[in-house]
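Make a model of the complete structure from these sequences and hints.
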Amino acid sequence: MTREVREVVFVDGVRTPFGKAGGMYAETRADDLVIRCIRELMRRNPQLPPDRVDEVAIAATTQIGDQGLTIGRTAALLSGLPKTVPGYAIDRMCAGAMTAVTNVAGGIAMGAYDVAIAGGVEHMGRHPMGEGVDPNPRILAEKLVDPSALVMGSTAENLHDRLPGISKERADRYGLNSQLKTAKAYADGKLQPDLVPVALRSAEQGWGLATADEAPRETSMEKLATLKTPFRPHGRVTAGNAAGLNDGATAALLAGEDTARELGLPIAMRMVSYGFVGVEPEVMGFGPIPSTEKALKKAGLTIEDIGLFELNEAFAVQVLAFLDHYGIADDDPRVNPWGGAIAIGHPLASSGVRLMTQLARHFAEHPEVRYGLTAMCVGIGMGGTVIWENPNWDGAAK
Amino acid sequence: MIEHPKEVVTKALVRLVQAGGHKVALITLDNGFDHTKPNSFGPAGLRSLDEAITAAIEAKPAFIALTGKPYIFCVGADITGIPYLTSREQAVELGELGHRVFARLKNSDIPTFAFINGAALGGGLEVALHCHYRTVSGGAAALGLPEVAIGLVPGWGGSQLLPNLIGVPGAAQVILQNPLTQKVLRPKQAVELGVADQLFEPADFLERSLEWAAAVVDGELTVQRPEVDKDMWEGVLFFAKQQLDEKLHGAVPSANKALELLALAKDASFADGTAAETQILADLIMGDESRASLYAFDLVQRRAKRPVGVPDKSLARKVTKVGIVGAGLMASQLALLFARRLQVPVVLTDIDQARVDKGVQYVHDQIDKLVGKRRLDEGTAARLRGLVSGSVDKSVFADADFVIEAVFENLDLKKQIWAELEKIVAPEAILATNTSSLSVTAMAADLEHPERVVGFHFFNPVAVLPLLEIIKGERTDDATLATAFAVGKELKKSSVLVKDAPAFVVNRLLTRVTSEIFKAIDAGTPLDVVNVAMDPLGLPMRPIALLQLVGPAVAYHVGETLHRAFPDRFAESANLKKIVDAGLPVMVDDEINPEVAALVAGGSAPLSADEVRAQALDALAQEIRIMLDEGVVAEAQDIDLCMILGAGYPFHLGGVTPYLDRSGTSERVTGKRFLPQGVASLPA
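Protein chains in written order, with this note's numbering: chain A, 8 to 405; chain B, 59 to 742.
Calculated from the structure, these hints are not laboratory results. For clarity, every value in this text was computed on a predicted model and none was experimentally measured. Note that the Cβ used here is the ideal one computed from N, Cα and C, for glycine as well. The reader is advised that the hints may include incorrect statements.
[Unchecked claim] Stretch-level coverage of chain B by chain A, calculated; a stretch enters the list once three of its residues show a Cβ under 8 Å from a Cβ in chain A:
1) 71–77
2) 262–268
[Claimed, not checked] Okay, the calculated bits of chain A under chain B, using three or more residues with CB under 8 Å as the criterion:
3) 79–90
4) 205–211
5) 214–226
6) 300–307
Here's what the structure looks like:
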């Protein structure tokens, strides 16, 4: 048989408000968070017949308890999708949802799917990082990687060591700026459209409703300077220049461009290319640089072609490493215009789709931009990048 | 101030949330336990709601919404508090407290919403009815106003609000018809009837409800409710009363009072209507019928689940295969029940292949019917079909752990079957008999292992009637008994432990009444007079209809057994014999068959209906006293449970002994009460 590779489009994405571990979602199940996202996606796109969804790929880093049981399948069932709709669980730590998107995109491109849901969830309150892990003793015995490679905060400290140009003060300023951008985005009503309200149960307080992220906070350079450096004495990584421990879920609708047009689904972004690359686990924060190189190369683009960046802010140092590499200013307005994970939060496996959903919003506001990218660093030394094309591009400027 | 010293307080928790750009006061009802202990309103719970409403109003929200804990909205007044109400004033206070607190939601200037996320019964539904708007979750297990069934009326506004919301025909269904037929509303029905305005799926019920409420408050959505037709009001109630009288003969005061309140709801102001509710509720609370009803409710809810005098369940043996001797109608019904509930192989045997095939076919047909009615999915049906098989060779019982016989009522035949089986089955396999009148002890007498024989007496129709009399023979051991009760529980039956005594409990008492009825007939009392004699009790069936249901031949057979055992109390009736011999139906088109009426003859001392009833009740009291003295069951409560679940005796009689106590019959006939004052009656 002959086949043509199809264009893959990002139709729509939503997320729950992100909570702080032990905070507003303390008594809410992880799977219920992702179910809310799937239901909301279907509700926002009523022209999509539910039985046309060909796959539900849901990422979670810790796939046990309420994040276990092949969460893509169970969440699909519990969302009320027809029983004929399959689903699976997927894991690439922080890039879980991003990988869910690229996986189903591959399936769409080769014609296995027409429409798919990809998303992720991490309830770090219920499932702290490293819950139930059992690292192979060879990692230590054969000195395959430094033990610090398994502690993400330590890898960020390692990155500071290797990049002496990135000071704690600079990382703090980046963190503060992220908070300020997010606060402004909230005030301007930019972030709210992506949010799915979630009913919260608390035995003590009764039912509530989550309608905003819990993590963003007011701070200042002075306050940031006083924060502890939990990963090293006199270190540089603090709660102020890193993403916190968060609970949340995301989901996005992807489709073949032809199917999207057939069903009248909106086309928010067109996928151009993607790349995943491994780096030294001890400095996993480097990851987005080679993965971006790879994705650019596959797309035949250069960094100058990219007009908007949604970079996951696991750690300020890791974003700054990326910006320094490409000679982009710390406060470049093309980068994370509405702030990032340092303010909003980073429920590990869910974050990839948040980057995409926000990039899609930026695209709508910026028809002068043709290409944007979403990138993130990944535990055990990886980076992931997806490059997107703006369907609203007016061709007037590059 | 009234108190319920053991109240599990359902707290009303207020939380301010943002929804649709509004500040919302969301009140959650939660007693701190999971759904197995539902929310209810006692005095402290009502006061908590009162405080919550105050806090909600003070926050000046765009709207106030009330919801429940997971799976449960609120199941109504905490009836465990009723025994603590010892004066009418206290009963009035309870009514007024609920009215005062709930009315705040109705009278609020701020829009109020009930988000019925789970079961909403009685006062739980009434508080929702006070709110200006209602949403209901498709996952809510039940909605209803079941008060009439337990001798009360919807006394916290329900009788006035509901008919004016959905019209009097729907209100009569919810307030009268459903409780008296043990029915509740499903969420979809509740919306169709207009009890709730909007149905949402359970997955995001609260989120959607909040969004919907915000849209209503913003005027983006208008809630349409059909206008209530007031012209047909009296007509509907007249018809409802006729139906009630036909069934209950005026014997259930709560039903009559509910009708009065519905009539009042047409024109009375809400204040007058609810004031009447309070007075009527207080009267009923301070009446023996409601106390007997609550006692009966407790028996069915609690005692039925924890039978008295049963050996520890750890002694029970596993049942992995069931054998059924016989493939007739009863046997086939048992096969279906065992297969459905135990989900283990069930094998039927009979004397020839044709009978066996017919029995298995019956089960398969019933399974198909259940699939057709969507009571069973095709997967389960396939599994059940595979579980039920038949054979003419009893060796198929070799690996069965539980074999029940359902063959003709003949002691020698049953003994012969057991003797044959004992050579086939394992020594520990339970041998159960579905006999309704033969001695379990006698049946086991010649066996090598009589300790594994037990009586398992079902009531017809087996799938419907919840009672199972489990009979302990003289030599039945604890492991056998424990297994029998474990099986009974798995079959979802309410089991009562009964000593091996002629006709056990239900049949013995019903036969005693029948015996008195025929004594009166033999004395010359016309059939139509005896037939209405028991009407003032509000029993589910008149005596002649009951005779029709049981079958005159069976009634005569059981009567014979009891006559042989207790000739002084169970008389042989020449007229009953005549009816059996004639083979005529005693009822034709719901009327006494005139041919049968013409058949009965003799007697020169006819009794009045009142005299017949008095004799029957005296006989019942005497028989129950004797049964308790003989130790047929542990306590009077077991008699009542059996009569409620096996004979459909009504709650307002408390089964039967509370009625015999309150009518003075038991003291007059036996010299003492069955139950102390206050147990199923007003406190002394």
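ask   = Counting residues of the region 262–268 of chain B with a beta carbon closer than 8 Å to any beta carbon of chain A, are there 3 or more?
value = holds (count 5)
request  = Tell me if chain B covers the region 79–90 of chain A under the three-residue, 8 Å CB rule, please?
outcome  = With 3 residues close enough to chain B, the hint holds.
query = Are at least 3 residues of the region 71–77 of chain B within less than 8 Å of chain A when you compare beta carbons?
reply = Per the Cβ count (6), the hint holds.
8 Å C-beta criterion, at least three residues: is the region 205–211 of chain A covered by chain B = holds (count 6)
request  = Report holds or violated for chain B covering the region 300–307 of chain A, Cβ cut-off 8 Å, minimum 3 residues.
outcome  = violated (count 0)
key: Stated coverage of the region 214–226 of chain A by chain B [criterion: 3+ residues, CB within 8 Å]   = holds (count 5)
The structure fails hint 6 only (numbered hints given earlier).
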